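Using the sequences and the accompanying hints, generate a full structural model.
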Amino acid sequence: MATIRTDNLTKYYGDVRGVEDLSFSVEAGEVFGFLGPNGAGKTTAIRTLLGFQSPTSGSATVLGADVTDAAALRDARARVGYLPSEPAFDDRMTGRRLLSYHGALRGDVRSDELLDMFHPPLDRPVGDYSRGNRQMLAIVLAFMHDPDLLIMDEPTSGLDPLKQETFLEFVRTEREQGTTFFFSSHVLSEVRKVCDRVGIIRDGRLVEVASVDSLLHRSGKHVRLTLGDSVDGNAFDLPGVHDVTVGGGARREPSDRGDDVTTVSFTYTGAYEPLLRRVLEHDLRDLSIEEAPLEDVFMRFYDEAAEEAAPQQSVDGDAADGEAEDA
Amino acid sequence: MLETVRYEAEKRLLGSLALAGGLAGFAAMMTLLAPGVLGEVDVAALAEQLPPSFVEAFDLELMGSIEGFLAIELYEFLWLVGLGAYIAYSAAGTLAGDIETGRIDTLLAAPISRERVLTETYLGLLLPILLANVAVFATVFAGTRFVGDPIAAVDLLVVHALSVPYFCCCAAFGMLASVSAPGRVVAEGVAAGGVVGAFLLQTVSEAAGFSWLGAVAPMRYYDPTGVLTASEYDLAGAGILLGATLVLLAGSALWFREVDVS
Numbered sequence: 320m321a322t323i324r325t326d327n328l329t330k331y332y333g334d335v336r337g338v339e340d341l342s343f344s345v346e347a348g349e350v351f352g353f354l355g356p357n358g359a360g361k362t363t364a365i366r367t368l369l370g371f372q373s374p375t376s377g378s379a380t381v382l383g384a385d386v387t388d389a390a391a392l393r394d395a396r397a398r399v400g401y402l403p404s405e406p407a408f409d410d411r412m413t414g415r416r417l418l419s420y421h422g423a424l425r426g427d428v429r430s431d432e433l434l435d436m437f438h439p440p441l442d443r444p445v446g447d448y449s450r451g452n453r454q455m456l457a458i459v460l461a462f463m464h465d466p467d468l469l470i471m472d473e474p475t476s477g478l479d480p481l482k483q484e485t486f487l488e489f490v491r492t493e494r495e496q497g498t499t500f501f502f503s504s505h506v507l508s509e510v511r512k513v514c515d516r517v518g519i520i521r522d523g524r525l526v527e528v529a530s531v532d533s534l535l536h537r538s539g540k541h542v543r544l545t546l547g548d549s550v551d552g553n554a555f556d557l558p559g560v561h562d563v564t565v566g567g568g569a570r571r572e573p574s575d576r577g578d579d580v581t582t583v584s585f586t587y588t589g590a591y592e593p594l595l596r597r598v599l600e601h602d603l604r605d606l607s608i609e610e611a612p613l614e615d616v617f618m619r620f621y622d623e624a625a626e627e628a629a630p631q632q633s634v635d636g637d638a639a640d641g642e643a644e645d646a
Numbered sequence: 024m025l026e027t028v029r030y031e032a033e034k035r036l037l038g039s040l041a042l043a044g045g046l047a048g049f050a051a052m053m054t055l056l057a058p059g060v061l062g063e064v065d066v067a068a069l070a071e072q073l074p075p076s077f078v079e080a081f082d083l084e085l086m087g088s089i090e091g092f093l094a095i096e097l098y099e100f101l102w103l104v105g106l107g108a109y110i111a112y113s114a115a116g117t118l119a120g121d122i123e124t125g126r127i128d129t130l131l132a133a134p135i136s137r138e139r140v141l142t143e144t145y146l147g148l149l150l151p152i153l154l155a156n157v158a159v160f161a162t163v164f165a166g167t168r169f170v171g172d173p174i175a176a177v178d179l180l181v182v183h184a185l186s187v188p189y190f191c192c193c194a195a196f197g198m199l200a201s202v203s204a205p206g207r208v209v210a211e212g213v214a215a216g217g218v219v220g221a222f223l224l225q226t227v228s229e230a231a232g233f234s235w236l237g238a239v240a241p242m243r244y245y246d247p248t249g250v251l252t253a254s255e256y257d258l259a260g261a262g263i264l265l266g267a268t269l270v271l272l273a274g275s276a277l278w279f280r281e282v283d284v285s
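Chains as they are written, first to last, in our numbering: chain A, 320 to 646; chain B, 24 to 285.
Now the stretches of chain B that chain A is said to cover, found in silico as 3 or more residues with beta-carbon under 8 angstroms: (1) 122-133; (2) 270-284.
Partial chain A-side listing against chain B, Cβ under 10 angstroms, derived: (3) Gly337; (4) Thr362; (5) Gly370; (6) Asp394; (7) Val399; (8) Gly400; (9) Asp409; (10) Ala423; (11) Gly426; (12) Ile470.
Since the hints were derived computationally from the structure, they do not count as laboratory data.
Computed from a predicted structure; not experimentally measured.
We treat Cβ as the ideally placed atom computed from N, Cα and C, and that holds for glycine.
Here it is in structure tokens:
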């Protein structure tokens, strides 16, 4: 049974669209990244899943509990940890008091262990906390009852790079223990590090659900050639070649025969063999093939202008696993 | 069980102590001033010079005794309207404030129902109500004995005991404002303004002969002056206030259960 499942989940605030027709599921034990630019509807979806607001239409279940069934969802929340994007607490209370309060509400089985990794100054009033300390306290509160599912909204925001790393490492460890994660982010590097699958949301609609591997695969390789002969863009009109740029002679050191070289770079989503055959027809001086940064993939989904390019990309890429988008 | 009541009460402790201290200070001042004012000012003669409607509206004819003096100078205004409005205002700031700042998110993510959050938050407001009662009761009790004009202990006890349902009702009204108004400031304004407005409505409607209009005012059911000067205990009124409290709380809980917290 899916840990989280949504069916055409839609939330409007009056006439303003929060999310529309979200359909996806998060399986037990996976880390699901929910990606999108600011204002795309990530927080709306999360708040609806937690029952903070009711859907306008469609449905969703969390750990089997319908989000519109207050009693069932309340029971389910005993097994859910929530990490808000901007955790807010009563400023005059100390971290320790908040810890004991929330521990009494949901049970505290591992705050000691968590406090070894994340150590907000517990005896100070939360009003004196830095953003990072506040976030660390929120992390401890979210995990202290050892939940089966973590719903996190931009979890690393406010943490310094070292603590971000600690946190992501912690998420990986927890995942190995079977904990399910659903978290929103726009930090692609962290998504890359911990997520099994991602859903990409734009303007309230889910535009893609795919595994991180498949996204990377589909995004292809960055190919960069340095050629001794002069070529034009059509020299590499193979299937799977995109965005060819042909540069002029790069200035190389004198030993480099001194003559003109041409650099050609493009994105390639096909197999290696035809590419290499074609490359060897030229006077090859240098070749680099690198994984395209995940950013490029997301930019395609985020960028209105790139919208038309996306379908043609997914034809030559492998079919995404997971549900297809319904945007 | 009741963690939220404890937490809320703890949060209010300092403020409640300050409030109780301030009210006790004012009560002490009025109690100590009373003998001097009563001895030097001929209230009956003063009342004759003022318009009858004014005299009636402020029960000036009762001012001649320490009970009447305290009833009017302390209980009818600062206590009834001032503290009533403050309690409603505080109640209105609770959930509305937590929602506005996002503080409520961590709480609502816990396995606790919204109804329970609301009820326990409400119960936390009993702390300022009870502390204010204890402080003012003790001050007036001791103060009137100190100035040698002791007020009847039972009347004083009753005036405070009957104030509890009254303040509970004000707080419940504040809770309703807290969950239904769009934002903390509006909720607080509606709650405090509602109490003051109800007081005005009750006073004016009686003077204008439309006293049925004042039936919605909680002050109709709690009359400190009657208790102190005539030993009239309006127990039915207290019952009505408690009933209204339950209705207001149930309404707030229903509303809060359905409303989007965002």
